[in-house]
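Chains W and D, in that order, give the protein sequences. Letter by letter, the first sequence follows residues 0 to 276 of numbering that gives the first Met the number 0. Letter by letter, the second sequence follows residues 0 to 408 of numbering that gives the first Met the number 0.
Keep in mind the hints are simulated off the structure, nothing from the lab. Computed from a predicted model, the values in this text were never measured in an experiment. Any given hint might turn out to be false.
Said to hold, decoys possible - Selected chain W positions facing chain D (Cβ under 10 Å, derived; list incomplete):
#, residue
1, A45
2, L55
3, N56
4, T133
5, L216
6, L228
7, H235
8, G238
What the hints assert, rightly or not - So the derived label-pair ranges between C-beta atoms look like this:
#, chain 1, residue 1, chain 2, residue 2, range
9, W, P48, D, G174, 58 to 68 Å
10, D, G388, W, P28, 26 to 36 Å
11, D, E39, W, G105, 52 to 62 Å
12, W, F78, D, V60, 18 to 28 Å
Glycine included, each C-beta is placed from N, C-alpha and C at the ideal position.
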Amino acid sequence: MVIKQINQGVLRAFCYLVLIVGAAVMLLPLVWMVATSFKTFAEALAIPPIWLPERLNWENYPTAWAMAPFGRFFLNSVFVALATALGGVIICALAAYAFAQMSFFGKNIIFAVALGTMMIPGIMMLVPNFITMTRLGWIDTYQALIVPWLVSVFIIFMLRQFFMSMPRELWDSAQIDGCSRLRFLWQIIVPLSKPALFTAFLLNFVASWNSFLWVLLMTNRTEMRTLPLGLALFAHEAGIRYELQMAMATVAIVPILLVFLSLQRYFVQAWLRTGIK
Amino acid sequence: MKLARILGLLCATIIFTPASIAQGVTEITIWHIFTGGHAEALDSAIARFQAANPDVRVVPVHQGAAWGDLRTKLLAATAAGTPPTIGLFKTGWVPGAFEDVLLPLDEVIPPALKGDILPTFVADSTFNGVLRTVPLARSADVLFYNTALVPEPPRAWDEMLTMARALNTDRDGDGSIDRWGVGIRPGPEQFAFLFLQAGGEWFNPDETAFLVDSPAGIKAMEHLLALREAALFQTGFFSGPFGAGDVAMYWGSTAGIPFVAEAAAAHGTPWNVAPIPAGPLGRGYSILMSASAGIFQVGTTEAAQEAATRFLLFLLSPEEHLQWITQTGYLPYRQSVIDSPEWQAFLQENPFMAGVTEQATLALAYPHHVEWDSLRRLLSEAVDAVLHGQLAPVEALHRAATEAPGYLE
Chain W
0 MVIKQINQGV
10 LRAFCYLVLI
20 VGAAVMLLPL
30 VWMVATSFKT
40 FAEALAIPPI
50 WLPERLNWEN
60 YPTAWAMAPF
70 GRFFLNSVFV
80 ALATALGGVI
90 ICALAAYAFA
100 QMSFFGKNII
110 FAVALGTMMI
120 PGIMMLVPNF
130 ITMTRLGWID
140 TYQALIVPWL
150 VSVFIIFMLR
160 QFFMSMPREL
170 WDSAQIDGCS
180 RLRFLWQIIV
190 PLSKPALFTA
200 FLLNFVASWN
210 SFLWVLLMTN
220 RTEMRTLPLG
230 LALFAHEAGI
240 RYELQMAMAT
250 VAIVPILLVF
260 LSLQRYFVQA
270 WLRTGIK
Chain D
0 MKLARILGLL
10 CATIIFTPAS
20 IAQGVTEITI
30 WHIFTGGHAE
40 ALDSAIARFQ
50 AANPDVRVVP
60 VHQGAAWGDL
70 RTKLLAATAA
80 GTPPTIGLFK
90 TGWVPGAFED
100 VLLPLDEVIP
110 PALKGDILPT
120 FVADSTFNGV
130 LRTVPLARSA
140 DVLFYNTALV
150 PEPPRAWDEM
160 LTMARALNTD
170 RDGDGSIDRW
180 GVGIRPGPEQ
190 FAFLFLQAGG
200 EWFNPDETAF
210 LVDSPAGIKA
220 MEHLLALREA
230 ALFQTGFFSG
240 PFGAGDVAMY
250 WGSTAGIPFV
260 AEAAAAHGTP
270 WNVAPIPAGP
280 LGRGYSILMS
290 ASAGIFQVGT
300 TEAAQEAATR
310 FLLFLLSPEE
320 HLQWITQTGY
330 LPYRQSVIDS
340 PEWQAFLQEN
350 PFMAGVTEQA
360 TLALAYPHHV
370 EWDSLRRLLS
380 EAVDAVLHGQ
390 LAPVEALHRA
400 ATEAPGYLE
């Protein structure tokens, strides 16, 4: 009994050690980013690297902010990410529900083909998609930044897995009461699927927030650009102003952190319920 | 009533005149990746051009942090039929993808101007006998050196190697070197200029063989390996450590001069620039890098092409060329500017530009082969394999030479 308790104690301690080391490894880049945002130009490029600046150079933040219209970039990022995340959740939920709970001709083949599109490297679709957006006249518009990303096969797959865990009896009961599919989805499935839906929202939001190449291709005007392109302004072919770039990067991750911290419990629940690990 | 007519006429004039003036303005776009001081230099050049040419509006558009981003955007826009009026191109991009969509410039660049540009720069802008681009933002690796630690820069390979070993110092006595004699950011360009300095030829006469495993290639790679033992190799930029006095010399791009100047000023480090130390042939060659400007003839109007031509000729004028290179640190390439009293006066105040100017005359271009990007990647893999101790120089270069024919067919 005592030996068993000791073994359990050792195992728990080992688990905590692994988790602490893992957490430290994951946090290290963030710590480096924030520390570098307070360094001088020379400290940021020092070899060997300097972890902590000699003093906190707060002026890096207003200096970096003034170098480009970061206020506009920030607003654009928030608007595009929110619209993409919300719109994506709605559209993907509709598709996922159909694949999970409805029966129609060719359902499995259509789903397999949709999954197959995930095999195509995104870089191969850049030029054809650019041509499509150009012909639609959507270059330098918010539609180009939002609409192509409203559908994610991965999100559809994840939500489908979640919806499949719902008992069929729910629909049978609702149908007896005269409930339509859409009403059933909205009033029964959605409230029960908050973890998965919030996770889908989070994934879409982060992907849109971090999007660089697509925004670069779709925009020419400065006022249409987002934060990742703003961060690129600190880089030059022969050098990078790391201290200023890290200052703006620190500002850029604040919304992501806020969204994740507020939704993280749903995130964990969703992964467990969908069986995706 | 008469007053009402006069007022109406006045209002109509006020309302419609701006539109009629705007209709006479040709807008052209230039896509680039300049930031900071380089972007300001371009903006000020544009402002001066527009002041002299009110019928043209030049819109500069920043397209990403890296040349690869700009290339992707140019490719996509060209495929969609919506390219900019002017784009910046690295030499290796033009063959194949962009050559036929760029406006031939032989007819619009006056012979006197063309003759005044350093021959290597003209040759690098010429594709299959046609001038398709003009040099704008050309750079090359040079030797930055700390004049307090290196009173006279090395002028030959062996001299650099000896100085590297002599200057490596353990300042705090902890057993590890904390001030390096030489810093090197390794890549295919470094091997390339050593290869050319050793007298290497890239191809055989009919371009069916990639001759990097020749004696010149092996000599170049062995020198790089010898430096590996004596110098600090890293993938990061050296401007910071150099400015802090932690690296006495390093090979770096002239485009990085503003960063070096800032870092050195922060630490009070005296510095200067010299050409890359010469190889067995006694010539300190470096590779011509960065970009030239080209005008799209597909997807742009004739009026825009004409306006763009005027803008490029403006940038090539002696006054603007002098202004541009003094503000940016890119290579000077007009002989008349290099010989001008204004340039000599500039050198008095900025002695490091003498080294830059000398290197400009010693810059060589990469071959204009449609598969040069792939061949360059083979060189990069060879350099990585040698510097990481995976392959000997002969084996690494032989592997590159053996894999090349697949791209040369």
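For this session: Go through the numbered hints given earlier and state which of them the structure violates, listing their numbers in rising order.
Result: Result: hints 2, 3, 9 break, sorted rising.
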